[in-house]
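**Student:** Sequence:
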Amino acid sequence: MSLVSLGDMAQSFMLRRHMGQVKADLALHTQEMTTGLITDIARRTDGDLGPLNAISASLARLETLASVTSEMQLWSGAMQSALEAIDNRAIELGPQLLSAASARQSATFAAVSGEGEAAFLAAVGYLNTSLDGRALFGGVATDHSPLPDSASLLNQVAEVAQGATSVADLRDRLDTWFGPGGGFETAAWRGGAALEPVTIAQGETARLTPTALSDGIRDTLKGLALAALAGRDLPGPGIDDKAAMLAAAGDTLIGSSGARAALAADLGITEQRIADAQTRNAAEMTALKFAESQIRAADPFEAASRVQEAETQLQLIYTLTARLSGLSLADYLG
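Going by the working numbering, the sequence shown opens with residue 1, and the numbers climb by one from there.
Since the hints were derived computationally from the structure, they do not count as laboratory data. Remember, predicted model here, so these are calculated numbers, not experimental data. Hints are not guaranteed to be accurate.
Unchecked claim - Label pairs and their in silico Cβ distance ranges: (1) Thr279 to Arg232: 48 to 58 angstroms; (2) Gly50 to Asp215: 46 to 56 angstroms; (3) Gln272 to Gln294: 29 to 39 angstroms; (4) Gln272 to Pro51: 28 to 38 angstroms; (5) Arg134 to Pro51: 38 to 48 angstroms.
By construction, the Cβ of each residue, glycine as well, lies at the ideal position given by its N, Cα and C atoms.
Given these sequences and hints, build the entire structure.
**Tutor:** Right under this line is the structure:
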């Protein structure tokens, strides 16, 4: 029986350890060649990870901004759609009310008053719109609708009108109720303070300002309410009172068109600023990702050369080991 000398055992151990190191190098370089990414960032950057960390922090910031601006874009789009629906109905109904007031026919009065009431109920529904369970027109109070349901709100307006002795008296009551500090603001309104500005890009903020308390909205609701109340014989059932009510409603709706347009225009400007910010943020993110990839990128030719070198070393170690132990390659690697 032959004995293995201490020198042979030590040499065999060294070869096995070297074999393990070469296998690890081969796996590492194969990964770099396959993925195109360096595995040892510290070696690539000489231990200076500051630039890479700065890029990662900037990318995280931009990803947050992308989420914020995407949500704001959805909100502003939904708000714009609601405002457009309210405005379209008011623009259509205003001249109809004036025409009906001039016609002075009971059937026409009833028809346009009914349309006015339907438009009021629809407008309140739009103002109570929510997106992903959050109210759009309630300011910071997003967990509930900013106004009562449509029918309840119209009943509140009707209660304010009760006892009015003339159309002028009724209009004064509604002017007060829908005006600043009036019942619409103190009793009907259930929203909160206006939304705070939100950062949409580096050094830039945007704010979604429309609420159910916005001037154009108040005046539009007041005009629609006047038309609806004419159908309830307020302040009286006479043709003169109804005609005056419908004329007042038409004038109010037409007169508030400028405020509605300004509200939509301001929101449109905000939408454009959000879109511009998204474009800039996306361009910055692309540039940063390219810079990051340049730092992390592995040289494919260098990686391939190292893979070939490691494979050659592995073959050489096997040959030496096989001569020492008489093992086959399959036995050794197993």
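**Student:** May I ask you to test the hint 28 to 38 angstroms on the CB atoms belonging to Gln272 and Pro51?
**Tutor:** holds, 34 angstroms
**Student:** 46 to 56 angstroms was suggested as the range; check whether the CB atoms of Gly50 and Asp215 agree with it.
**Tutor:** holds, 52 angstroms
**Student:** Lying within 29 to 39 angstroms: is that true of the beta-carbon distance Gln272 to Gln294?
**Tutor:** Given about 34 angstroms between the Cβ atoms, the range holds.
**Student:** Just to be sure I understand the hint, the distance between the Cβ atoms of Thr279 and Arg232 should be within 48 to 58 angstroms; is that true here?
**Tutor:** Given a distance of about 52 angstroms, which is inside 48 to 58 angstroms, the answer is holds.
**Student:** Note whether the CB distance of Arg134 and Pro51 lies within 38 to 48 angstroms or breaks it.
**Tutor:** holds, 40 angstroms
When held up to the earlier numbered hints, the structure conflicts with none and fits them all.
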